[in-house]
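Use these hints to put chain G onto chain B, whose structure you have.
Going down the list, the sequences are from chains B and G. No gaps in the numbering here: position 83 of the first sequence is 83 in this note's numbering, and each next residue is one more. For this note's numbering, count along the second sequence from 1 and bump the result up by 1000.
If you are wondering where the hints come from, they were derived from the structure by calculation, not from laboratory data. Check the hints yourself; a few may be wrong.
What the hints assert, rightly or not - Below, a list of computed lysine to any residue pairs in the SDA-like style, where the Cα atoms sit at most 25 Å apart: (1) G:K1176 <-> B:R87; (2) G:K1095 <-> B:V19; (3) G:K1095 <-> B:H88; (4) G:K1031 <-> B:R87.
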Amino acid sequence: MITTTHYLVLSLILFTLGVVGMTVRRNFITVLMCVELILNAANINFIAFSRQFGDLTGQTFAVFVITIAAAEAAIGLGIIVALVRIRHTVNLDQANRLEG
Amino acid sequence: MDWVVANFALIVFFVFAGAAVAGAIGVILAKSPVHAAISLLGTFLAVAALFLLQHAEFLAVVQILVYAGGVMVLFLFVIMLVNVRTLPDEPQFVKKMAPAAVIIGLILASVVAAGIVRSFPAVSGEANALVSIGGEAVGNTEAVGWELYLRYLLPFEVVSVVLLVAMIGAIVMGRKESSDGRNA
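Isolated chain B (complex conformation) (with noise of 0.2 Å):
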């Protein structure tokens, strides 16, 4: 039988696959993609507890979740492609300056 503790696990490991992928990695894009694997990692935990307790408000919230992220990623890629223009790489080592 598949308890919600399966779901927590699996969420626990994509959270911190996206952790670990977002320290070590340099390419904005890339790390970009681990910011949504964690936000996926808390979307299966809402719909895992929403399932537990046989409530709608987790499925509900989980919508917002998927909103934001898809604004975030709207956001995050707008940033990669003005990095891209001014500094002419997508090393988050480099994006070192706050005036372009």
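Chain G alone, transformed into the frame defined by chain B:
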């Protein structure tokens, strides 16, 4: 054969959970951003399948539409626009951060694992509550919509403002600046 039939849901869970984790590892290890994006797409689809297992049919479809359809296309579009291949070749990992990352990962994993050691029963709530409004069976999409537009109407409207701000922000950042430094 009887074992397979009896534990079919568990087998489906492990297949898709394995696919999701493999996709996540692929995102971290892939050299090219395009390969990372395809790995991420695999993770999104596997997670959508897991949503189906949990009586979240509406969210499974939203996950595919928004993530696989919208966010992933946006990622691939930007990778194409940026043309990563013309950028100078640089080491893909921050080498000196690797030990720190392993330690952070282990600490994080053990802290969260300690939090979820308490094992939950397979199911305790009523699955019917996820597909019904006031006791009447209508389906998951209608039930989520009912919840979204009655109980959570205000957060729903606030989220639409967030989307508007994100759209304006993306347009402002994507704008070209003219040579004299003023916004064109």
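Hint-by-hint comparison with the structure:
1. G:K1176 <-> B:R87: holds, 14 Å
2. G:K1095 <-> B:V19: holds, 16 Å
3. G:K1095 <-> B:H88: holds, 22 Å
4. G:K1031 <-> B:R87: holds, 21 Å
Against the hints set out earlier in the document, no violation occurs for any number.
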